[in-house]
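K.L.:
Here are the chains, one letter per residue:
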Amino acid sequence: MDILTWGRSPWGQQILTHVSWDLLWASLFAGVAFLIAHASYMVLSAHRKRKAEETDAMEAARTDLPPLIRRHGVGARVFHWVMATAMLTLLLTAFLPIVGVQFAWVTWHWIAGLVLTATIVFHIIHATFWLDFWSIWVGPKDIPELKAEILREFGHDVPGPKPGKYPLGNRLYHLGIVLAALSVVATGLFMMVRVRTPFYTRNPYLFSDSTWGVTYVTHGLAGVTLVGMVIAHVYFAIRPEKRWITKSMIFGFITRRQYLEHHDPDRWVVSEPPREKVI
Amino acid sequence: MAVIRDVMPAFELFQPASVSDAQALLKRYGGEAWLLAGGLDSFDWLKDRIKRPAAVIDLSGIADLKGIKPWGDGGLEIGAMTTLTEIVRHPVVRERYSILLEAAESAASPQIRNQGTVGGNVTQDTRCWYYRAGWSCYRAGGNICYADTPQAINREHAILEADRCVAVNPSDTAPALIALDAQMVIRTGAGEQVIAAEDYFVGPGTDITRMTVLKPGSLLTSIRIPGTWAASAEGSGGAGRVQFYFEKIRDRNVWDFALVSVASAMATTGTTIDRIRLVVNGVAARPLRLAAVEDLVRGKPRNEATAVIAGNLAIEGAQPLTFNGYKVPLMRNLVKRAIRGVEDVDWTS
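Chains as they are written, first to last, in my numbering: chain L, 1 to 279; chain E, 1001 to 1349.
Hint data in this document are derived by calculation from the structure and do not stem from the laboratory.
Please read these numbers as outputs of a predicted model, since none were measured by experiment.
Keep in mind that a hint or two might mislead.
Covered stretches of chain L (chain E as the covering partner; in silico rule of three or more C-beta atoms under 8 Å from a C-beta of chain E) [to be verified]: (1) 15-29; (2) 102-108; (3) 209-221.
Ideal Cβ positions, reconstructed from N, Cα and C, are used throughout, including at glycine.
Take the sequences, apply the hints, and build the full model.
P.N.:
Dropping the structure here:
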């Protein structure tokens, strides 16, 4: 299997052109293999969940918390779903033609790319000034949580740290998607200089052939990586034990019980006034 | 740039005697197979060592792919390996489909028409020299169009439907076949497929590496021309008298590809245009049927005023490159001439 494709410039130089589209199949395979492996593990493993009585006791002790706790505001939810639509459009317009579904995809692709760019800019501003910016990132402080999560996965009853607002898996996924999406957006914006759009005067010589090659390869690598990541994301979104997270991305709220069962109240402090109903 | 000519890379040569044998070879070699019709486009690619197929499948020995026979209600079926000269000389083509005769006769030179086939003529690759030089342009799987740069020599390139690539379709018979509402018969591994001629050609937005819908394993076997647009003084397939117009503009009057060509089939009652199919080539990567212009002129009188508005509508959206701006008025005027005709009319542009 090739990883990169090469071409020849008018000066006879060998130049990078694209990633090999074999990598698309590799990414698809990796995504599907991961979800099969994970699903099998979840069926067969001794994955430890918090006991119902334990959660009952915590809920009885924390009647000061509102019954419904806001997890995502309207802005965050609109961002998520617009970004998801743009991302799926980008992946479909990029890869359907490669697998044989032919259509005029370029205009749809760059429009979706601009929508994705706009949502990312919005998200950065929103998260920086209106959200707890650091709650989504991972760092050395999360190593104890990582150890505890691994031990729980192997059936141990570990009292160690529970996640704050975002489970460790969410935060690791966010880190991966940030790297892939920023790579694909940054390179994609430059690649738009090579196609006809209302925004730029075409300039195929903005970079040297070799720099363009690196740009296209980076865009392609990030793109095929996103295929596998999106498969994994959708898989977790529809898994029974994760649906409460997905529902919170639709409705904005989780229940007090879900909050106490899955989060560490010391790491995610709920300070908003009580709410009785989901709006 | 091609550095070696006249010495082709080694390949396996197959000369099947039947379509099924050819298909078996196509299945065996897939994308590594090269179909050889008249060889006029193929040998350039092979001698320049730009294309390096593992197997060349010479179709010249397949009798089923040759000849012209009646088809349907007054139509014709032309085998894909029928030569352009055979088409030019065929009495029914001369009598009823003179637009195809004109188009085929305008291709290249007599020697080339003796060898070149209608299947090869509609399926040939673009003449963009940047692409044919073997550089890694979009059409060759790369990430740049060398013809669409400020310094490029792009006098012959596209003014419409450019999508990264600005190559144009070089076929002379293609616009005539689309004007006649022809159907392309394709054999694939899944069986026979019949598609409209205008859908046979694809632009770069849809597939930047192909000029037609043919994929590895597919074979164009014949072209069916319905009787609907057969010319006659009394009309055919519907009301009105069917008239054709074909014109090819090129740098020299023999042995050259079209800068722009136009083909129309028009049914009129008196001076009113009842039905029309209008196609231009040489302006995009596929022959363009001008459906908006057809809609505009249908029901209108065939005169100068109608021709002027048709010509102006035809070029809407044209985006010339550095050196091909002349194609815009050329296309507009050819459409005008196709609508109005050129007999007894003072030529204005």
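K.L.:
Could you run down the list of hints and mark each one as holding or not?
P.N.:
We went through each hint and held it up to the structure:
Only residues whose beta carbon comes within less than 8 Å of a beta carbon in chain E count, and the segment 15-29 of chain L has 3; three or more means the coverage holds. Evaluation of the coverage hint for the segment 102-108 of chain L: fulfilled, as 6 residues show C-beta separations to chain E shorter than 8 Å, against a requirement of three. Using a Cβ-Cβ cut-off of 8 Å, 4 residues of the segment 209-221 of chain L lie near chain E, which meets the minimum of three, so the contact claim holds.
In summary, this structure violates none of the numbered hints.
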